[in-house]
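*Asks:* So you can see what is in the structure, the chains are spelled out below.
There are 2 protein chains.
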Amino acid sequence: MHFSVKPIGLVHVNLSDEEVKAKWLEGVEGVIEIYEDYAHGLEGIDGFSHLIIIAYLHKSLEEQRRVLKVKPKCLKLLGVDITRLPEVGVFSTDSPHRPNPLALTIVELVEREGRYLKVKHLDLFNGTPILDIKPYTPSRRIDRIKLPLWYQKILEEVKAKHPLLKDF
Amino acid sequence: MHFSVKPIGLVHVNLSDEEVKAKWLEGVEGVIEIYEDYAHGLEGIDGFSHLIIIAYLHKSLEEQRRVLKVKPKCLKLLGVDITRLPEVGVFSTDSPHRPNPLALTIVELVEREGRYLKVKHLDLFNGTPILDIKPYTPSRRIDRIKLPLWYQKILEEVKAKHPLLKDF
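Residue numbers (full-length UniProt numbering), protein chains in the order written: chain A, 1 to 168; chain B, 1 to 168.
Warning: the hint list may mix true and false statements.
Pairs count within a copy or across copies, as identical chains cannot be separated in the list.
Said to hold, decoys possible - Under the rule of at most 20 Å between Cα atoms (straight-line distance), these lysine-lysine pairs were calculated in the PhoX-like manner:
1. K6 / K69
2. K166 / K118
3. K6 / K59
4. K23 / K118
5. K69 / K120
6. K21 / K76
7. K23 / K76
8. K59 / K118
9. K120 / K146
10. K118 / K146
11. K23 / K159
12. K76 / K166
13. K23 / K71
14. K59 / K153
No lab work stands behind these hints, which were simulated from the structure alone. Predicted model, so just to flag it, every value in this text is computed and none were measured.
Input sequences plus hints: build the corresponding full structure.
*Replies:* Structure (structure tokens):
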């Protein structure tokens, strides 16, 4: 069984994929264009400081969709020795390699001009199709969360190397 | 252009759709079954207190996918007079009526038994196909958020009627 989804817009980022990857933690600035057919769906969105973007990682290869266990490779960019990290299931991570290549990105809405949303903290490549936008409302903020030991250890190691980095 | 996505599992809830709807704010308890083919993707998930579930609202009708503006009808259940509410774009709301019927639900992971996740705070009907699971990590918690005036007014009205309800 399969379901069909369609792009409602796309990401514009003035950077190469490698440049976006290198900034995965803080994200980059960019513009989300919503296609004319869906532009009315944006009414009332001004005033939300943050939006949740669901995107389709169209550059994901069929073989990457068969991956079920990964090592958090993006941590290599932060100087973490990933040979010591455990291999974990893709649903325990934010890896782009997963059965359905869906990305969930929380962006800051800087301003809107019609059907163009200027945003911060994008971790999506130029041209990535957008499937949905939802407002970041108070119920999305879970104050008391717990993390597995393996994830806590990664956070600690990264913070030791980069004290000013925010949590991820 | 369309993309194809496939269920990795489904929701088991021992309640009718109407009963789930009536509890949309606090959510209900249920079990998320991940299909055997994807079960290895769950490794390492124990210890995360909360998970982000992306589901496909399979009961959404084609005509509901053409809706671009809505009134938050679920508020009627809380006694809000929705005739006074503004009609807003679907991307400014969590409405199930949207071009791609994707749901984003944050659940509390109570316990895992193999490929079965017992969870709290589900707002999905029994049988809803699951497309993806991501861990709720610190970066998903945005502390300083702003909301549009129309949304703030709804929150205030609901809180006046139901002082003990949490934000939504």
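*Asks:* Tell me, which hint numbers fail for this structure?
*Replies:* Structure breaks hints 2, 5, 8 and 14.
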